[in-house]
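**Student:** In numbering that gives the first Met the number 0, the protein residues as written are 0 to 521.
Be aware that one or more of the hints could be misleading.
Derived DEER-like restraints, expressed as beta-carbon distance ranges [unchecked claim]:
id	residue 1	residue 2	range
1	338	457	17 to 27 Å
2	64	357	52 to 62 Å
3	198	287	53 to 63 Å
4	282	489	31 to 41 Å
5	164	407	43 to 53 Å
6	287	195	53 to 63 Å
7	296	414	16 to 26 Å
In silico DMTMM-like pairs for lysine to aspartate or glutamate, Cα to Cα no more than 20 Å straight-line [what the hints assert, rightly or not]:
id	residue 1	residue 2
8	137	147
9	333	355
10	198	175
11	412	164
12	20	46
13	174	129
14	412	422
15	417	46
16	198	153
Source of the hints: derived by calculation from the structure; they are not laboratory data. For clarity, every value in this text was computed on a predicted model and none was experimentally measured. C-beta: ideal position from N, C-alpha, C; glycine also.
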Amino acid sequence: MVIEIKVPTVGESISEVTIAKWLKKDGDYVQQDEVLCEMESEKATFELNAEKAGILKIAAAEGATLKIGDVACTIDTAAAPPAGAPAPAAPAAAPATPATEAAPAAPAAPAVNKGTIEMKVPTVGESISEVTLVKWTKKDGDYVERDEVICELESEKATFELNAEEAGVLIQVAKEGDTLKIGDVACKIDTSAPRPAGKAAPAAAPAAQPAKAAAPQAQQAPVTAIPNDIKTTPVAAAVIADKHVDASTIKGSGAHGKIMKDDVYAALQNPGVAIGQEMFSRGERREKMSNLRKTVSRRLVEAKNTTAMLTTFNEVDMTNIMALRAKYKEVFKKQHEVNLGFMSFFTKACCFALQEFPSVNAYIDGEELVYHDYCDISIAVSAPKGLVVPVIRNAESLDMAGIEKAVVELATKARDNKLTVPEMTGGTFTITNGGVFGSLMSTPIINIPQSAILGMHKIQERPMAIDGQVVIRPMMYVALSYDHRIIDGRESVSFLVRVKEMLENPEQLLFGKDPLKALLKL
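Kindly produce the complete structure, drawing on both the sequences and the hints.
**Tutor:** In structure tokens:
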């Protein structure tokens, strides 16, 4: 009997893979669970294993792009093993269990029979009323397992998944691109449908893992030579490391500029030429805006059009903070297992100033002013899909280490696209740091409905006149954009001056005469 080996489902949102390398040749006799080839998706490299022993017939060549469910190869299980080949262990035991062999002849009973159930769009955030169905990860009519991801939904703040509530046959109701309101039916699942013949129950999946884990080949080569801001697939990273290619000269053709295997091979064939950077090129390309990018655009324009936005500037002498960090950063890291960064100082300073000037921590709701006795600080982060603003809750109650840990956790989730809607909902005041990109000065836009946002910038050494002397000091421009409808000029300027004073005298933030003792306590 000839069986088809198809591309399996390898992860959420993955619709196609590339055959990176065949480990067995066409016509080879392969054993059950033996690794046949390596496949590469946008997120990882994985192996395709033989489901049965037999003669391999390759259907797709190396470098071919296949969709999930496409046939990669076939195996003739009726073929006899060649002379001298080891006897396959798994098939030898099969005759001893005839009932197991006979089971696929009839469909298994349904996992649970609740009739046809409706899968509705769940509540995903306090201010979100509708979402867009971005992509179906399962086809209409597919048999899905309980908790299996069936589609991706995108709100104005984040992308999230819809999981099957029960096992059964999927009946799609909405189409990709449809806008659905909270509570709308996205699909239905017929739980009375029997499990298809040959489809293993979910518990069978973990049993296959040891076979893959036993593969002797390492799946991810070291990528220490690749800068952190350059993204590559694992196979591309391995080739870069092996061939010593300068990753900065390669323009990736993958999603978000990710370097693919073919990009590296092209660079090897054209040494000294920055691939993708053709001289005198007049090429152009179009990309559809994501819903997140559309929402960011809409909210920025809304902020400009609906607020009386004004920006005031000041500058901060960072000498004392930098000296404090240099002196105690190792002790702080050893004590708290996190680096002592600038963000904790700025967050602490803003929390104290917000409590002193409550209008900066308030917002307008219709004809009312809403004040907060807490400080939920939003931190602007540049993520792969666009700008996101996760929130540090009750930052005024956190110590320096707590703030740093929260910043690291939220920034990591943002880079990995793992932020949840609650983590990006709310916020009473925002801090954005354009200095990490080299910005010397900017006018940040308010994150509505908030009324103010603080912009940090690059630390630049400049000559300053101090006590009649010209000295070189590390200076940072800070900007406060605010809604003049609720915050007066006196309050905005006083707020920024207060932040400046505390940053230039960081002992005020530490509440103690002994900075080391205060740092460890905080």
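**Student:** Confirm or reject each hint.
**Tutor:** The hints, checked one at a time:
1. 338 with 457: 17 to 27 Å: holds (19 Å)
2. 64 with 357: 52 to 62 Å: Holds, since residue 64 and residue 357 (Cβ atoms, about 57 Å apart) stay within the stated range.
3. 198 with 287: 53 to 63 Å: Violated - the Cβ-Cβ distance for residue 198 and residue 287, about 35 Å, lies outside 53 to 63 Å.
4. 282 with 489: 31 to 41 Å: violated (53 Å)
5. 164 with 407: 43 to 53 Å: violated (35 Å)
6. 287 with 195: 53 to 63 Å: violated (35 Å)
7. 296 with 414: 16 to 26 Å: holds (22 Å)
8. 137 with 147: holds (9 Å)
9. 333 with 355: Distance of about 33 Å is beyond 20 Å: violated.
10. 198 with 175: Cα-Cα ~27 Å, so violated.
11. 412 with 164: violated (26 Å)
12. 20 with 46: Since the Cα atoms of residue 20 and residue 46 sit roughly 10 Å apart, the hinted pair holds (cutoff 20 Å).
13. 174 with 129: Answer holds: residue 174 to residue 129 is near 15 Å, not above 20 Å.
14. 412 with 422: With Cα atoms ~10 Å apart, residue 412 and residue 422 stay inside 20 Å; holds.
15. 417 with 46: Violated, at about 25 Å.
16. 198 with 153: Answer violated: residue 198 to residue 153 is near 31 Å, above 20 Å.
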